[in-house]
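Chain order of the listed sequences is H and X. Position 73 of the first sequence, counted from 1, bears residue number 62 in our numbering, the numbering being contiguous throughout. Each number in our numbering corresponds to the 1-based position in the second sequence with 1373 added.
A hint or two may mislead.
[To be verified] Straight-line Cα separation of at most 16 Å, EDC-like style, residue types lysine to aspartate or glutamate; simulated pairs:
{"id": "1", "chain 1": "H", "residue 1": "Lys45", "chain 2": "X", "residue 2": "Glu1471"}
{"id": "2", "chain 1": "H", "residue 1": "Lys340", "chain 2": "X", "residue 2": "Asp1517"}
{"id": "3", "chain 1": "X", "residue 1": "Lys1528", "chain 2": "H", "residue 2": "Asp44"}
{"id": "4", "chain 1": "X", "residue 1": "Lys1480", "chain 2": "H", "residue 2": "Asp44"}
{"id": "5", "chain 1": "H", "residue 1": "Lys340", "chain 2": "X", "residue 2": "Glu1518"}
{"id": "6", "chain 1": "H", "residue 1": "Lys353", "chain 2": "X", "residue 2": "Asp1517"}
Just so you know, these hints were derived from the structure itself, not from any lab.
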Amino acid sequence: MLDSDIKTTLTRLKSTKIYGNLYDGIDDVHDFTQIPFLDESRIRNADFGSLKKEDKGLYVYFTSGTTSKPKAIYYNADSIEYATEYLKWFCEIEGIAEKERVVVLMDQYFWGVGYFTTQGHVRAGNTVIPIDTDLPREVIGDLIKASHPTVISSLPSVLIELKDVLRSPDVKILETTGELLAKQTRREIETYFNAEIFDAYGLTEGIIGVECRFHDGYHFLPNKAYLEIIDLETDKVLQEDKWGELAITTFSHAVTPITRYKTKDICKISQKKCPCGDKSPRVWVKGRNQETILLHEGSELAVKDLEAIISKVYGKLIKHKIDFQKEGSTTILRIWTIDTDAEKTKLMKSKIVNFNYETMHLSKRNKLRVVINGEV
Amino acid sequence: MSNVNKLYMVQKTNTLIEKARNALYYRKLWGSAAMFKDFPLASKDLFDSRKIKESLAVNEDQVAYYYFSAGTTSNPKMIPFTEHEWVGRGKYRKECYEIATINKRDKVAILLPFGPWVAGPSAQTALFMLGCTVFPMGLLSNIDEIRERFSIFQKHNIGVVITTPSFAQRLLYVNEMLGRETRIKKIITSGEYISDTLREKLHDSFGATVYSSYASSESFIGIECSIHNGFHFDPKQLIVETIDQHTYLPTRGVGLLVITSLVSEAIPLIRYPLGDLGLIDYAQCPCGRSWPRIIWEGRVQETFKVSGGVKVHSYQIREALSKSHIPICRCKIEVSDNEMGESFVVFNLYTATEIGTQKHVLLEELSSLLTNMSIDFSDVVYHKIVRMSIGLMYEENAKKNMKIKIEVLDKQKYAR
């Protein structure tokens, strides 16, 4: 990281009060690694009341969190410019800059992914047709037919769920993001669509990297997304090629700074030159540093969160079993508890369905079914 | 209008016409007509997705965004924008929001439909330009979601909401249910007519002042000022004509509203009928602004609007019903709504053919055809914002092979 970037970051952190006392005393910091890590709960509990309203516009997008406290990320014009330029670079790495017709089939509001993907493509010179996923499948099919896209940008689970209405002879490239893409899934999708997948890696907290045509890791630009790999036990920064938890610092979040944010993703980074010729470093992702159940459209539920719900409902963590299975695009989450009290079963189901906006959203569309002690 | 302004307008109109001549659609439509006043009205075919290339006045590569609007399912309307045009549209909408007293200190939640629909993204761009803190939130279809959004309103001090009247009705219902916990300073409505009753109720429940705006997918048109007497529009952006519904001749009274957007680019919008009736008031408004006002007087017969701001046209119904296995000769439609902001549409269909024992199969087919008559109608039915039912009756004396007769009884009382 450049000294100027560290300086900018420190100035920004000193002036922010949204994370409480987290950055008190950083005046004496001379080394970037002395800046404290930022974790999810700090963002969730951010005090937006302390934000000084700028004269210029701000967008606010959300990411998953508990129902009462979703994580909000504020973007000003600089942040949007940063993200747009970075995503334009993604298009260049993928080789789809200019004159493509891109359907961005993602959430178009509340979550920022659809908006930023759209802006990046427009900046790259493509024509974009933004389509929300929360539409009847027949309507999505009609829109695709009318659009004649050459590229579809979406989530793997959406591509699978809607594959019969999305297949279009003009599509040659599929951009995916938001979910870990298993080799088998990639093969299935590519074969079905007869198109090449370029996967991108990112979180609402920060856009990270993208695959090139060699599909070996995600290229990233350290001046856009500064990545550190952290030892899972000691929190020490690890060297290149070592697996550990990814911490990200983005320079695109001017209002709600994301500095040394621990992502819970197990990753490694390398400067090794890629055969594509691009000199940027790459990051590889192995999985999550916690047991999670992958739902649909990039959403997930951590087992520890489910256990916290059980503890809350029963007053303690009683004996239980958690299992899940996929039926098409529906995830059926089954929980058995030693105590089968009907009222508590009902309460637990309600707490899981309303755990965050994503579970609520998926449940409403029958993409998440919670079955507790056999009760649907 | 001063001579300088007149000259400016003439130049701008001529430039637009020159650009429009790049589009095969206009060359065919206008034929040898050379003068603006002689140009025939444009039709919905201008945005026909199957023939969109004929309507483009720019190279396809220059189109930055395509949004969609109604049409029929097999043939949705596509609305293209160049980047320059998108920014221009945002600037105009921003100026209009300023008339509704929105300013950079406001925190605004947008509860409008987003991509593939243009309303949400367009409002988002304009509010950002205005310097507001913008929360793009989309339309919500159930009470739990609205309750959660209310908690975000409180946490982030959101004081302005932009939505449709039917969703404002829905917000009102939830706020009343929760004991009027949520306060909103201003509500800007769009997409549908808002009744005085609903305005008053929103004021009582939220403490909100309501400003109604007038927009279609093809163009943002205007907005109310604090006097609430018509929609101000900028005559440097839009030429608004009123013409007689039957003779198509200009009228000074109530007539069909026809617009020309001087800032349109990808598909120039020239003499495009909005499907609404109104008149133009050029008198100075008590608010002090010189922009004229459109006084909205209603919709052209055979169209109606349902929750979510979705306009249903008779041609869409006819096209859907024409695909049925049983010939329909008459369609009586009754539209109503409830306090939750939901619309109910009853289609009573009449046929001159004996129905036989397969009535339930026919009803299923008709239900599917009508649900899918347009992409936006299908969307609101899918989200249960609009509920529909169908009756099928034999009418002995009905004439076969005639154009399907459509009658609409609009009994909506909340949002409209």
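**Prompt:** So which hints don't hold here, by number, going up?
**Reply:** 3
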